[in-house]
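There are 2 protein chains.
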Amino acid sequence: MRPLSNAENRNATTGVDPLPSWNQGIVKARILNFVKNVTDPENTNYITPEDRIAVFDNDGTLWAEKPTYFQGFFVLDRLEELSKSNPEIRSRNPQLQQLLLNKNLTNLQLSKKDVMSLVLLTHSNITQHEFNKMVQKWAETAHHPQTQKRFVQMVYKPMNELIDFLKNNHFKTFIVSGGGIDFVREALSKVYGIPHDQIIGSSIKFRYTNGRNGGNSTILREPELASFNEKEVKPENIQLHIGKVPVFAVGNSDGDLEMLRYTADNNSPGKSLELLIHHDDGVREYSYDTLAENLLIEAQRQNWTIVSMKDDFRIIYPNTNSAS
Amino acid sequence: MRPLSNAENRNATTGVDPLPSWNQGIVKARILNFVKNVTDPENTNYITPEDRIAVFDNDGTLWAEKPTYFQGFFVLDRLEELSKSNPEIRSRNPQLQQLLLNKNLTNLQLSKKDVMSLVLLTHSNITQHEFNKMVQKWAETAHHPQTQKRFVQMVYKPMNELIDFLKNNHFKTFIVSGGGIDFVREALSKVYGIPHDQIIGSSIKFRYTNGRNGGNSTILREPELASFNEKEVKPENIQLHIGKVPVFAVGNSDGDLEMLRYTADNNSPGKSLELLIHHDDGVREYSYDTLAENLLIEAQRQNWTIVSMKDDFRIIYPNTNSAS
Chain A
1 MRPLSNAENR NATTGVDPLP SWNQGIVKAR ILNFVKNVTD PENTNYITPE
51 DRIAVFDNDG TLWAEKPTYF QGFFVLDRLE ELSKSNPEIR SRNPQLQQLL
101 LNKNLTNLQL SKKDVMSLVL LTHSNITQHE FNKMVQKWAE TAHHPQTQKR
151 FVQMVYKPMN ELIDFLKNNH FKTFIVSGGG IDFVREALSK VYGIPHDQII
201 GSSIKFRYTN GRNGGNSTIL REPELASFNE KEVKPENIQL HIGKVPVFAV
251 GNSDGDLEML RYTADNNSPG KSLELLIHHD DGVREYSYDT LAENLLIEAQ
301 RQNWTIVSMK DDFRIIYPNT NSAS
Chain B
325 MRPLSNAENR NATTGVDPLP SWNQGIVKAR ILNFVKNVTD PENTNYITPE
375 DRIAVFDNDG TLWAEKPTYF QGFFVLDRLE ELSKSNPEIR SRNPQLQQLL
425 LNKNLTNLQL SKKDVMSLVL LTHSNITQHE FNKMVQKWAE TAHHPQTQKR
475 FVQMVYKPMN ELIDFLKNNH FKTFIVSGGG IDFVREALSK VYGIPHDQII
525 GSSIKFRYTN GRNGGNSTIL REPELASFNE KEVKPENIQL HIGKVPVFAV
575 GNSDGDLEML RYTADNNSPG KSLELLIHHD DGVREYSYDT LAENLLIEAQ
625 RQNWTIVSMK DDFRIIYPNT NSAS
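First to last, the protein sequences are chains A and B. Here this note's numbering is used: the first residue of the first sequence is 1, the next is one more, and so on. Here this note's numbering is used: the first residue of the second sequence is 325, the next is one more, and so on.
The following block holds chain A by itself, in its conformation from the complex:
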């Protein structure tokens, strides 16, 4: 593909490149052209601001997800904390001792049921207020075992720029994550500049308790899954939380396939853009297609836009010193 000149990738009005961490090329041009067209009242593909809904998956789309979803490290850290006061947590699960010592989830031999029970154990039976404080503290202190960066410093800089670019063009940006809704809110809302109410995710059951007789009324987190925000549940939760069809959708794995298809199917051609973040940079990030096979096939079939992290991202992570 012909590399685009700097001029073609620059904002027509100001001459400033709104996506400096993206390399020049077809992908960047497609994004810039889409936004230019749909925000131009004279263009046939014009979209009014109230319908400019953009949805982003989180793990592997906005920040890294290897060696496992970062929320898994939060689970381990919480388990370690819980097992101090409650030693039988270790003995109940023979692998847990090893997991806690190694902080290694790659060789995880747990069933889906085991994983869910560990998630519920570490995310529930606590007030919402306490949980929020815990995630905030974790996000400020926990580090990735390989890069030694704080996890929140492993947000992809080009994607944060893309969010800002869309916001500046009066898109309303939402995160639609398979991760826990409150985990993502408390860890990442400030990093992305996306408010809590524009973050959707998996959730457990919330229970209001009445504070009349003594204590204050509050929200308790119950050990029961309410919504697992993956695959077909993503468009369902988009309807519940947003109530409109997105016109811009970004994902990286098979769990995002329905969200991208829903976006493509329910807009006229030229009135939506679907992006797939392809993990093909084994040097600067990770290289894998596992759990993205179906999405890759469909993206090629439908001519969705495949973002090569190797070719299209000029840099991956923000400079550690300047990262928030």
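These aren't lab readings, by the way, just hints derived from the structure by calculation. In this text, a Cβ means the ideal position worked out from N, Cα and C, and glycines have one as well. It cannot be assumed that every hint is accurate.
Said to hold, decoys possible - Okay, the calculated bits of chain B under chain A, using three or more residues with CB under 8 angstroms as the criterion:
{"hint": "1", "segment": "493-507"}
{"hint": "2", "segment": "561-573"}
{"hint": "3", "segment": "580-589"}
Guided by the hints, dock chain B onto chain A, whose structure is given.
Then chain B, alone, in the frame of chain A:
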């Protein structure tokens, strides 16, 4: 109570009264003072913009709800339409014939279960897209049996001003309604200037269907209740959809009690405001305390702000000619 002078109720900077449809008095002064204080960085009660969350009930708080919730008239109109092609709908419920003829829901002898089954019948087994169009059309054409106004013209003008006033002061305003989430969105989003994603309500189950083999993927509305957004469910859904504790909460009935209590309990004194809309104007609107008895007792006990529609609202409805 001493009536406040015009000067005291005016915006200090511009001299323009931001709430011209409210009479001068203690209630208006409380609202203006609260907003002045929490938006002033020098004030001890300052609240940062991202925490300025305001929640409003809908029926009886933002628009009228007599002789019954306006969504009930939508149900009747839909039943009439459905029974044209499906006559056994009438025969299945012996009262329905009478209801449809009279459009009278005041003497309704239906059980809660019957009501729910009529709601599900009229709100489901249809695509989300079709449902949206139907509500939009209804909102544009249906009229209130007593006032002859369109239902959307029975939004209280002082409340619409209050929403605008809060928005101008960088509050994020949400509707938290017992009514159907998509009914409120499609009928009222434009009237209030509140986007779809900031409207929360009762919901039925959404089901994504895959469009691979032929048709487009879409959201179907299933005949199954997912969330009945009343009482303790309101704070639970506030956590799910907003993820923050409100600092400004307005309601009018016992179904709003938990929402107001949750707001009051989880903020320091001076850092939240709770309003109760009291229906005490039998001349210009309706006068009733039914189903608001507990909220009235609690509001007096907690010194929440009771808005008298008779005394505090200078006018009730917008001028019909200028209404949208």
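For each hint, the structure was consulted:
1. 493-507: That given contact holds, which follows from 4 residues of the segment 493-507 of chain B lying within Cβ reach (below 8 angstroms) of chain A.
2. 561-573: holds (count 6)
3. 580-589: holds (count 4)
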